[in-house]
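Asks: Fit chain G to the given chain P structure using the hints.
Listed below are the residues making up each chain.
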Amino acid sequence: MARLFHWLFPHPLLTILLTIVWTILQNGISAGMLVFGLILGTIIPRLTAAFWPERPGGFRVGKMISYTLLVMWDILVANIQVAWIVLTVSNAKLKPAWITVPLDLRKPEAITLLAGTITLTPGTVSADVSESGYYLLVHVLHTDDPAAEVDAIKNRYEARLKEIFV
Amino acid sequence: MTYEIIAIYAVIFCLVVGSIFTLVGAIGLLKFNDSMTRLHAPTKVGTVGVGALLLASVIYNGVFNEGAIQELLIMGFLFVTAPISANFIAKVNMHRRACDAPPELPEGEQWATFDVPATDADISDPVIEKA
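Going down the list, the protein sequences come from chains P and G.
First residue of the first sequence: 1, per this note's numbering; consecutive thereafter.
First residue of the second sequence: 1, per this note's numbering; consecutive thereafter.
No lab work stands behind these hints, which were simulated from the structure alone.
The structure displayed is predicted, hence computed values, not measured ones.
Keep in mind that the hints are not guaranteed to be accurate.
Stated by the list, open to error - Derived CB-CB ranges, DEER-like: (1) G:Q70 - P:G58: 26 to 36 Å; (2) G:Y3 - P:A2: 51 to 61 Å; (3) P:I16 - G:Y9: 19 to 29 Å; (4) G:V80 - P:A50: 20 to 30 Å; (5) G:D100 - P:K154: 41 to 51 Å; (6) P:A2 - G:V80: 28 to 38 Å.
Where a beta carbon is used, it is the ideal one built from N, C-alpha and C, also for glycine.
Just chain P, same shape as in the assembly (with noise of 0.2 Å):
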């Protein structure tokens, strides 16, 4: 039984996830198309689990939704900082530097998440990861101190998607 819902859903959030989007889309809730969304959210993680074999592990909900909020107020900080250095500080004052973030994160979700929460919040891009997967690559727009944006980058965000992903 167990194993027969695993084939079945094999990634129940997704499933979960994709009926919501689909509700969404509708602009109103009605049962037919609920169910419609129900159907889509078993099929497609079906058909697609051969690219996602592996279930991944713990998912804390709760601390990813404090998580969300503080990088949406980190976005909406960091925005008005990055704006403020296109206009006011020249090309030539500009000073770009790529910094190496050595990774805690060994999940690939996690690190999938943690690169793109860094390319949202302006003024970090996440260009590569390390062979191993030990070394994210970041490009910073405009610093002084490379080791402290490493150290916020760690501290900030790492640490708290390591508690979201046990």
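Replies: For chain G alone, kept in the frame of chain P given last:
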């Protein structure tokens, strides 16, 4: 009545904020002279700029039409796809050596972008060479 006036002001505020950030993003795209620093401009437009414009749409539709929450989906898809396209552009820049060399890694590791067969390692732009 006052409720609708407040909503109108909120919509106007969101539109102005979104427009300003989009404008700053465009200015950044024009101003910077290096392909990697240029990459920082669109990530800004994609977050607060588009976010504020969509928020204006949500408020307007919520107050004056029957509500619409599909904007949340636009936002979600944008937030998921924007880092991936930025990542691809960054990787192309690195691969074509169009930017400063990234820092070396310890322990004999290398960045995944540079892990290519020797025949592909030397990338000069074939399109430009032909022309």
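Asks: Just pull the numbers of the violated hints for me, sorted ascending.
Replies: 3 and 5
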